[in-house]
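Starting from the known structure of chain W, arrange chains V and L on it as the hints suggest.
Line by line, the protein sequences give chains W, V and L.
For the record, in the first sequence the residue sitting at position 106 is 106 according to the numbering used here, with numbers rising by one throughout.
For the record, in the second sequence the residue sitting at position 101 is 1101 according to the numbering used here, with numbers rising by one throughout.
For the record, in the third sequence the residue sitting at position 160 is 2160 according to the numbering used here, with numbers rising by one throughout.
Pairs of lysine to aspartate or glutamate residues, derived as EDC-like cross-links and limited to a Cα-Cα distance of at most 20 Å, are as follows:
| no. | chain 1 | residue 1 | chain 2 | residue 2 |
| --- | --- | --- | --- | --- |
| 1 | V | Lys1059 | L | Glu2313 |
| 2 | V | Lys1059 | L | Glu2319 |
| 3 | L | Lys2370 | V | Glu1022 |
| 4 | V | Lys1059 | L | Glu2230 |
| 5 | V | Lys1059 | L | Glu2217 |
To be clear, the hints were calculated from the coordinates, so they are not data collected in a lab.
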Amino acid sequence: MIVLSFALACAGFAGLCLGMERHYEQVFRTRRIPPARRRLGVSAGWLLLALSLLPAVLQHGWGFGLVWWAGVLHAAALLLALTLTYAPRLVLAWAAAPVPALLLAALLPSL
Amino acid sequence: MARPGAANASATQGKRPWPGAEARRVAAIVLRVLGGVGGGYGIAALSTMLLSTSLPMPKAEAVLTASMASFAIFAGAIVWAFAARSVARAWLGLAIPAALLALALLIPGWGA
Amino acid sequence: MKDGFRQSMAWLHTWSGLLVGWVLFAVFLTGTAAYLRPEISHWMRPEIAAATPGPRDAEVAVAAMQALAPNSPSWFISLPEPRDTSIRVFWRDPTAEGRGFRSAVLDAATGQPVAARDTLGGEFFYRFHFQLHYMSAFWGRWIVSICTMFMLVAIVSGIITHRRIFADFFTFRPAKGQRSWLDGHNLCAVLALPYHLMITYTGLVIFMLMTMPWGIERAYPNQRGAFNAEVFGNAPPRRPLGQPAPLVPIAPLVEQARQQWQGGALGRLQVSNPNDASATIQLIRDDAERLSYNPQSMTFSGATGALLSTRGEGGPAAETRGVMYGLHIGRFAGPLLRGLFVLAGLAGTVMVATGCVLWAVKQRQQAAKKGQPGFGTRLAEHLNVATIAGLPFAMAAFFWANRLLPQDMAQRGAWEVHVFFLAWGFCALHPLLRPRRQAWVEQFALGAAAFALLPVLNLLLTQRHLGASLVAGDWVRFWFDLGLLGCAAVLGFLAWKVARHPATASRTRVAAVPRPARATS
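Just chain W, same shape as in the assembly (with noise of 0.2 Å):
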């Protein structure tokens, strides 16, 4: 579950990032980002922050759930970082990770 609650915070600040012309130029080689493909990218990106925070709820309570979460946004944040100015085409990786990540959840949910 933690593993979920990491890719979908990984893949909430790709999405962030892409909505910025500056990481968006890192990534697709363009400055201009076309507004349709900003918009999806800065209101998915808060969606799925905000949904990283339930698998941490569920697997450990509110409490450690909350903890969880902000030590799973600190370490997304940081991967995001260093991908861009490293490795940039990953964040696109980084984007789809839900999808593995929802299937490892429905088979290993102690994870």
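Leaving out everything else, chains V and L in the frame of chain W:
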């Protein structure tokens, strides 16, 4: 006296700073530090004392709540001491709340 | 006036951070190490075999204390847990020097004192990070608390002054000199901002009764004891009656406690006036099970076994304080969550380090335009290398001392600490003799070598080397040895990076930047 950090602007413009300008700048900083740290700690202490005896909860709980909040108050006072547009404003902004808190502590119902 | 405001906050941020930056670095690094306190202690006592906590630990511990200190007025027993599988005991002994306590480490299976080397273990880093060393706890805690307040101001002013906190959230532009240092500093600060705020504020709260005692003074004048009793629920100490009475068996009490805590585990025992009619046995729940650090406990009469009092949840403010304390200490965290805490702690350490380096780099660039770097710049550069590169080396030296000092040496534990400070002292003097960049490279390289050779030292001097740990399933020591190699890798990487850093290139870049136009006047 201007805020610290703004002095660099005039220094690089090539004008010869009049004697005493540097001393005034340092004095302003020292005064802000004294006000922020001394006054800030004073305000934090006074508010802790006031809240400990006036918050509507059991005494031990009130003491804990007031003490936990005090650091935010202290930090806020320090930020104010440096954010205020002049040293005079900084000190007024610290002295007035401190005086009010001290007065409130003297009121029998609250200050006991 | 907004620019003036931001400028003054930038000034405040710089000075509140810089003046105590080197102390904060040490606090952050040793504090991060303190997350691994039991693991470090376990590694530093290779004589102790890894064991699994068993249901009879409490009985073994009490029996051991009956043999060790039957006449002591207080026993404090820490039971084994997965991270530290021995029984650690303190007891009051008026004949002991210092604060009148003796301590021992006992084998969990037999209750016999383990013939482990005298060492502070992870306790040293833990205590250093909040009360320093070579000074009384009072002064150490005050100094660290003041530095923590500086840190809080630095965080708040940093947030205010950071102009593009959202736009620059993920921005990191390496290899661009001063810009990269600023980006790195911002990244470590902003990406882990909730953690930094939490750890700093909770750090202040932990010692608030010392640093901000005015509420207690006002509401409980001269009645500290009453306040403590209300908040911490400590029953007032009972005087010994002088009537001998055997201590009741502890197993049924443990069972009762576990039922009360719905299966929760026992963490500690506190026995007062054992073998006297006024004896009390306090069973304290394992603090790793709850967010709040407030201990839940049940106190029984030692002579009759009757339940005297229970401590559960306190009021909301008390629980809030307990949660704050618990969040700071992080004992509730399992391995993965603790890994996240360590990551955040390292981010904080790097944040402080990059801040100090950034200031020195900036000063030196400005000095390159105007002439000689000032004393402050050179002092900051010296302190930077002595602390940022020197402290990790000193920590490795501490581990070296643990392996090399003779077992029967007097004050061995204290001497391990002396070696730590001697190594750090060497790093403080070394930059006087070497050019700037060489000093950095050499100290990082020395640290890397020191860490890398520790597992080798293990192989040569103890039975607990990597291979043996793997075979025995002693995962704590196994991962610890790998962690030492990891530290070596990081320090080696840093040494390599600094050695490669094109110092001349940055100077030409400075010259190539056109001077700010005078036309602004």
